[in-house]
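Colleague: So the sequence lines, in the order shown, correspond to chains V, C, L, Z and S. The first sequence begins at 5 in our numbering and counts up by one. The second sequence begins at 338 in our numbering and counts up by one. The third sequence begins at 338 in our numbering and counts up by one. The fourth sequence begins at 45 in our numbering and counts up by one. The fifth sequence begins at 45 in our numbering and counts up by one.
Please keep in mind that the hints were generated in silico from the structure rather than gathered at the bench. Glycine included, each C-beta is placed from N, C-alpha and C at the ideal position. Do not take every clue at face value.
[As the list claims (entries may be wrong)] Straight-line distance between alpha carbons at most 20 Å, and here's what the computed EDC-like set of lysine to aspartate or glutamate pairs gives:
id, chain 1, residue 1, chain 2, residue 2
1, L, 417, V, 155
2, Z, 181, Z, 168
3, L, 524, Z, 168
4, V, 94, L, 369
[Stated by the list, open to error] If you only want the chain Z side, here are some residues facing chain L, beta carbon under 7 Å, derived:
id, residue
5, 114
6, 131
7, 137
8, 141
9, 151
10, 154
11, 177
12, 180
13, 227
14, 231
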Amino acid sequence: ASTAASPTVAKAQIEMPSEVRFGYFPNFTHAVAIVALDKGYLKKRLGSKVTLTPVTFNAGPAAIEALFGGAVDVTLAGPNPTITGFTQSKGAALRVISGAASGGAGLVVRAGIGSPADLKGKTIATPQLGNTQDVALRYWLKKHNLSTTTEGGGDVHIVPQDNATALAAFVAGKLDGAWVPEPWVTRLVAEGNGTELVDEATLWPKGKFVVTNTIAATTFVDKYPAAISAIVAAELDAIDFIKANPDQAKSLVNAHIKTITGSQIDPAYLDKAWSNVDFTIDPLPSTLLASANHARAVGLLDSVDLAGIYDLSALNALLTKRGDSKITVP
Amino acid sequence: MSEHAIRPRKRATAGTERGAQLAVPRGKRLWDRAWPPLLAVIIALLIWQIVVLSGWRPEYVLPAPLTVGQTLVGQLGEPKFWLAVATTLNRALVGFAISVLLGSAIGIAVSRSRVLRSAIGSLITGLQTMPSIAWFPLAILLFGLSEQAIAFVVVLGAAPSIANGVVSGVDDVSPQLQRVAQVLGAKGMSMYRHVMIPAALPSYVAGLKQGWAFAWRSLMAGELLVIIASRPSLGVQLQFFREFANAPGLLAIMLVILLIGVLVDSIFSSLANGVRSRRGMGVVRL
Amino acid sequence: MSEHAIRPRKRATAGTERGAQLAVPRGKRLWDRAWPPLLAVIIALLIWQIVVLSGWRPEYVLPAPLTVGQTLVGQLGEPKFWLAVATTLNRALVGFAISVLLGSAIGIAVSRSRVLRSAIGSLITGLQTMPSIAWFPLAILLFGLSEQAIAFVVVLGAAPSIANGVVSGVDDVSPQLQRVAQVLGAKGMSMYRHVMIPAALPSYVAGLKQGWAFAWRSLMAGELLVIIASRPSLGVQLQFFREFANAPGLLAIMLVILLIGVLVDSIFSSLANGVRSRRGMGVVRL
Amino acid sequence: MTLSEAQATATIIQSTAIRVQNVTKRFGRDGEQTVALRDVSLTVRPGEFLCVVGRSGCGKSTLLNLIADLDRPSEGFIDVGARKVGVMFQEASLFPWLTVRGNIDLALKLSGVPKDLRGDRIQELLETVQLSGMGAKRPHELSGGMRQRVALARTLAQDCEILLMDEPFASLDAITRDAMHEQTERIWAERHLTIVFVTHNVREAARLANRVIVMKPAPGRIGSQFSIDIPRPRRMEDLSVAKSAADLHELLQEQEAGHE
Amino acid sequence: MTLSEAQATATIIQSTAIRVQNVTKRFGRDGEQTVALRDVSLTVRPGEFLCVVGRSGCGKSTLLNLIADLDRPSEGFIDVGARKVGVMFQEASLFPWLTVRGNIDLALKLSGVPKDLRGDRIQELLETVQLSGMGAKRPHELSGGMRQRVALARTLAQDCEILLMDEPFASLDAITRDAMHEQTERIWAERHLTIVFVTHNVREAARLANRVIVMKPAPGRIGSQFSIDIPRPRRMEDLSVAKSAADLHELLQEQEAGHE
Ligand SMILES: Nc1ncnc2c1ncn2[C@@H]1O[C@H](COP(=O)(O)OP(=O)(O)OP(=O)(O)O)[C@@H](O)[C@H]1O
Ligand SMILES: Nc1ncnc2c1ncn2[C@@H]1O[C@H](COP(=O)(O)OP(=O)(O)OP(=O)(O)O)[C@@H](O)[C@H]1O
Ligand SMILES: [Mg+2]
Ligand SMILES: [Mg+2]
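Put together the whole structure using the sequences plus the hints.
Modeller: Here it is, written out as structure tokens:
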């Protein structure tokens, strides 16, 4: 589908699409997108000739379905749907163009469980089989010599459970713990009387690992590099804003979530959860690739060829312009 | 039988009875119809309150009726809530209307043609059992992220049900009436228009009722397909209240859904009762 | 009518006809019943293949029939798949059985008592419109993460449908037959057992069919509620394939769901046809 | 009546099987009401065979329905004591999901006949209505007259004291009808039944009745009564029956002439 | 017939309205088959008024159904030329969702009568069956005899050449029945109809028919024929009608005696 052969490169680079359909979830790890939209950065960077259509998804699968179906051009998503979409399409459908957020996940367990050894025979929930948290839990357990199986057998029983159900079950005493993303870590601790046994950030170098990145349809990346550049620039603007005005950003994000979902995150939880997440333009490629390797190690994936999943040329050009160091894909 | 045999059957002059019927009819009849559901609601609320008071589960998991009521009232005060109800109802009506047209057409076609019936008759129920989310990728492929995609999911949910209502209604039409119609010269479409459809009407209305339920359920899933920030909807609210584990909010939306369901049912019921009483049907009660 | 008027109506001696009917009955009848669905399947596959060949969408979005077939065959070879089918079918049957009992009981109660009907009659449809996921928190509160929680969701989905089938069937019983039964001394339960239920049977079977569809859909959602170790299920598989954007897998599971739906429908249909033909009912065809 | 109503009731109840007193029956809501019966009073003695004749639509079926407690009078009251009432309706109204045998069996079952006795009773009843071989057939496989006879058998299966029959033999040929007359008369005598029998056939009325009442239409009321004292056994062909029938016919004609 | 069948058909079709030839009708699957008709042949001339009498269950309704093309013979064939056939069934079978007026209106509509003519036709038909005021009633609000008359009106609304009537006046009192006889005869003469009329009332047959056929049961076949040449107008009370009826009755009795 790529028509960006060399003779047309120059023309393609200035060409802008008439419409950009930009996807995100009403979830605070998507704060970069929300701020970029609400503060008008996206609109400004794309220019007045481009119609910006925000698209909201409730979860990753829907985002990938829409990307595959050609119904969205660029969207924020977790590393898990990113890998899925890339591998299912044999590398054809999408590219990661930048990061969005890092950190903010961990294992919360009920009182009385103080060490990995105590987990033997217990039941732990993860959001879904094979997702980032699921892989992290399995890999962590494996390192502590606790066996697991994808069917939920082994020393520790892992059950895939969506976050709300996990909370309800944890409160009702039907679960011993859950490895979940924020703000669920905070809620499990607060509402379920749990203790945070593991903060996932401690397991990664520099305490950083990707939870949200920005992906774009390959055709879009090939055809409209200028638009990609504008979007990444807008995200950079948003991150600058978040860094500079965290309180304002928080309330802005929470208000936005409220308009879409009808609920807002309890401000008390939001403060705690927000502090556990780092908003960064760095897609942290090494953590994504490492996570994929971990998945293979615990038997969740056969083999993953993620070569070419990153297209960071636009991002690196912008970083260079700002005087920051380029991001390299190992 | 025994009661019948022992008590001497004697029915008093109805002169007084009839006078009574004429004197206080409206108010009394209304009250007769109103008190049972009211009582049911009160009993349900009471049980709920007792369970909450028993402290069985913490309040943020099982909120008290009053909390839910407050949440609901709070919602009712927000124009956004009404927007959501309006959006969802509008989608439901559009989807249902398309389903009625399509379902009726398919139902008539299948009930008329033996070949069609054996070709796709059973497929109708097969389609009904397919969960809505299975259609999402196809809906996006065909319609993108648009209102049409939602309507597509709704129609796939509801139309089979309506078609099944038509088919089973037509199958139940008295063969004698069909013979009469044939002799009178009805055939093909005129047979359907003048005889089969009117005769199958009660069953058709029952199918519509089921179709509505399917439409509504499919819609609750389908609304997640296209989430538009400025256009809130009940399906999205329900899903997110659940995802946020917001128990009072969830219960409030559930009450709203129940209420709409009950209202729509009473429309269908009065439709069906009208049809029946005009034919001298209905349960014989003395 | 005009055709009727022009063509002299003459029906040939059926001596030969009848001979023919006796000579090749079985095979021909089987073939008569088998070719339309076969043709339908072939046409559907052809259209699908043509769309794929047209290159409208990439293969990873819309896989070719052969790819899906291979995936399905691959699945069929795995014991895990059969375990999933068995688990899901088992849950469906258990949930459906409970729904039939509960739904029938509620249906009978509501159709018998005027007070109950006005108290909770419309609530039945209200409950039907409630999406399964809305019940998840309550299911967990009541039953924890257990098979019962799944059954709870399934029953809440299917029982109202069955109850509605009973109610609308009972409402459609000929008042004349009810009068006969009353004179013969039927009352209360004996009235129901001997007259209302048999008379309402076709409508009841239609309700069961709808109930099955609801049960199955609720189950697909409910299976995500409680994912039990080492017990794969179709609902979970469907969800996983969706989460992994695995189009061939999703389509394969959809085919399996369709197939089961079609099979179950043909059971219900032959039940209904049996009931009808014994009463001399059904569409009159010459 | 000069006695107080309560006393009157007490006195009459001994010698009446059915008492219909000042019964009016209206159908429909105000505005477009039909008065099906107006101020009808009637007493039927135990063991009486009462025939009712009258124009189509004069309220005969309505009267039977009221006596059978299938509908309530708008005014007046009806008393059948503690007697069980059996009804044979104008339409056969067989249960279509049961066979002929099943239909009769259900009536026996609901009358409390134990299972082991029912088989023989069914056979006997089928013979009474000349349908011995048809037990396994379903209602839709029967001819109109056969259906009517099954309905008769089903009604006779009931253990009742009062039998209300609404044009029971309208679809039967003369010969079968004759046989049914004999059977009905036999059972009436054997079981000491009280029968109210609606018919349009004056000869049939003369053949069967102790007393005939003639109803007048619009609104339905009782026009005249007519005792028939021909000794039994009677036959349709009997001259005395023909004579009574002719008288009855004349009465009907006259009433008609006076009416219009 | 000595001519080849094709020739025979060509010759006869001119002077026959209905030709039933060697028709056998069986019901049910092998094993428990009922032979409703065996080898029945019958020719009805255009404009003939044919009455059919016979024991209950001898196949009269089955024969009418076959002539009306509502069922197929198991053997033999039936030819009604290009004539339209109207049927009045044994049961009234009104459409319960339509009023009396609506039922008649539908028949007119399906016969292609334009809308502006239908109102008058309905009124006329209602008068014919003496139900002028009942147009707005629903079938369940009618008495049995009224329903039968509405069915008659509906049948007469059809623009047909052959009219098949299955015990049409079984639930009517003598006076109404007389009136219906007159109306039927009038319409028969006016429209040059061919009528096949099933009845159990030999006097009715004698009153109406040009020819009576007597059917024999088990299996159903035609027993004997009987021409009735009494000049019209006839009346039920006419001595000649009574005489013919008596003859017919005797014939039925004899046939019965011979049968058993
Ligand atoms: N659909 C059917 N299936 C099986 N048997 C049938 C069916 N219809 C009619 N019969 C049988 O065929 C025979 C003739 O029935 P038919 O209704 O023609 O009688 P009939 O002469 O009209 O009797 P009646 O005067 O009682 O109406 C009967 O024995 C009946 O049981
Ligand atoms: N359910 C009803 N609603 C309204 N009117 C009714 C109802 N039932 C009967 N009627 C009216 O009451 C009158 C008497 O009807 P009924 O059936 O008692 O007549 P009948 O004497 O039995 O006549 P037939 O000899 O024709 O059977 C008729 O005018 C009829 O229209
Ligand atoms: Mg009557
Ligand atoms: Mg007949």
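Colleague: Work down the list of hints and note, for each, if the structure agrees.
Modeller: Hints, one by one, checked against the model:
{"no.": "1", "hint": "L:417 <-> V:155", "result": "holds, 10 Å"}
{"no.": "2", "hint": "Z:181 <-> Z:168", "result": "holds, 17 Å"}
{"no.": "3", "hint": "L:524 <-> Z:168", "result": "violated, 27 Å"}
{"no.": "4", "hint": "V:94 <-> L:369", "result": "violated, 45 Å"}
{"no.": "5", "hint": "114", "result": "holds, 5 Å"}
{"no.": "6", "hint": "131", "result": "holds, 4 Å"}
{"no.": "7", "hint": "137", "result": "holds, 5 Å"}
{"no.": "8", "hint": "141", "result": "holds, 5 Å"}
{"no.": "9", "hint": "151", "result": "holds, 5 Å"}
{"no.": "10", "hint": "154", "result": "holds, 4 Å"}
{"no.": "11", "hint": "177", "result": "violated, 19 Å"}
{"no.": "12", "hint": "180", "result": "violated, 12 Å"}
{"no.": "13", "hint": "227", "result": "violated, 20 Å"}
{"no.": "14", "hint": "231", "result": "violated, 17 Å"}
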